[in-house]
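**Q** Spelled out from the first residue to the last, the chains are:
There are 2 protein chains.
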Amino acid sequence: MSLVRVHNFSVSLDGFGTGEGQSLDKPFGHADKRLHEWFFKVGAGPIGRLRGVDGAMAAGWEPGIGAEIMGRNKFGPQRGPWEDESWEGWWGPNPPFHTPVFVLTHHPRPTLEMEGGNTFHFIDATPEEALRQAREAAGGLDVRIGGGTDVLRQFLAADLVDYMHIVVVPILLGRGERLWDGAEGLDERFDIESVSTPSGVTHVIFTRK
Amino acid sequence: MSLVRVHNFSVSLDGFGTGEGQSLDKPFGHADKRLHEWFFKVGAGPIGRLRGVDGAMAAGWEPGIGAEIMGRNKFGPQRGPWEDESWEGWWGPNPPFHTPVFVLTHHPRPTLEMEGGNTFHFIDATPEEALRQAREAAGGLDVRIGGGTDVLRQFLAADLVDYMHIVVVPILLGRGERLWDGAEGLDERFDIESVSTPSGVTHVIFTRK
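Chains as they are written, first to last, in numbering that gives the first Met the number 0: chain A, 0 to 208; chain B, 0 to 208.
These are computed hints drawn from the structure, not numbers from a lab. Mixed in with the good hints there might be a few duds.
Listed next, the in silico BS3-like pairs over lysine-lysine satisfying Cα-Cα at most 27 Å (straight line) [unchecked claim]:
| id | chain 1 | residue 1 | chain 2 | residue 2 |
| --- | --- | --- | --- | --- |
| 1 | B | 25 | B | 40 |
| 2 | A | 208 | B | 40 |
| 3 | A | 208 | B | 32 |
So, partial list: chain A residues that the calculated Cβ filter (under 8 Å) puts toward chain B [stated by the list, open to error]:
| id | residue |
| --- | --- |
| 4 | 3 |
| 5 | 14 |
| 6 | 170 |
| 7 | 182 |
| 8 | 203 |
Short derived list, chain A residues pointing at chain B, Cβ under 7 Å [said to hold, decoys possible]:
| id | residue |
| --- | --- |
| 9 | 13 |
| 10 | 28 |
| 11 | 85 |
| 12 | 169 |
| 13 | 171 |
| 14 | 179 |
Note that the Cβ used here is the ideal one computed from N, Cα and C, for glycine as well.
Based on the provided sequences and hints, a complete structural model is requested.
**A** The following block contains the structure:
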């Protein structure tokens, strides 16, 4: 069974998945790096992933994933029609996904093939249709919803998420995009486990009942 | 030094300190009892308070407190001018405070003396002025901000809180009163510790730097 999974999605204590004012220098706006410090402390590579509970949780991101769906704001800071198509994401020539990636956008552009098995498809689609395409591309493996906040909220509203790992970071952003808007009663559809770690974050893990 | 303290203040994962639609039957509106189940599981009395981390945290509420400040909506579900003054709170003839209690309201009424050292003063005052009066009444002991959400938010905005114990309950209320509105950057003024417990809640403890 191909699951729909969310991993390492950080929110502030007041529920913002990103700050205000995304730009090339600040992909998360005024939140800057504060939502993801816990992740960067874990370190890269297999040894880094072994650093305690934060590392173990971070490591869940990769195994068994056959495709990712992300929003256009995760792919880049541009808005509206593409002025040029030279932007290839924030991640350099070999992004970390190594699977097909479906970028939800009202402004499709040609498929972008990059190194390491990264293929970006730009589609204007509902969550259901995007998931259908991603599942087909995933060859029986799971599909990851990579964010940002708005995309994750849409998939939650459509009740398409099977597993969701949220990381609550003890900062108060005050503004940005709220993950939990419209999520009333979400807890009734999931078993929820919370684990605080010495880094100060709390991992909140939603598993579909 | 007399501290200003908050204890056992529960919020949903989406940051609501109370639900929508307070009434005589449902003091927390559509949240009903869900924000405080962790507390009622702890049990009353000294033995109950010994039940694990939830119990230890709950027990911090009483010692060293000489007065409480609460909002009128914590005192009762009425709004606007008092239609009669027979309402004496939700707690029966001997409320659990056993100190002077200052009820913030735009509609003052005569002081209410109840059993067990509970004296309710109804005052129309700023947070600063309410605190001045509560400190005077507390005889050198600490002052507890008892809530509700709006009152706590006012005291946070005025930077009057020294210690704050928030309990994040893994439910999504979707509507009600948001504790964290206007709290941007609050984390910079506090050391923050988070501890999840087997009951599923996460205690988040703010201690002034």
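**Q** Tell me the numbers of any earlier hints that the structure contravenes, in ascending order.
**A** 4, 10 and 11
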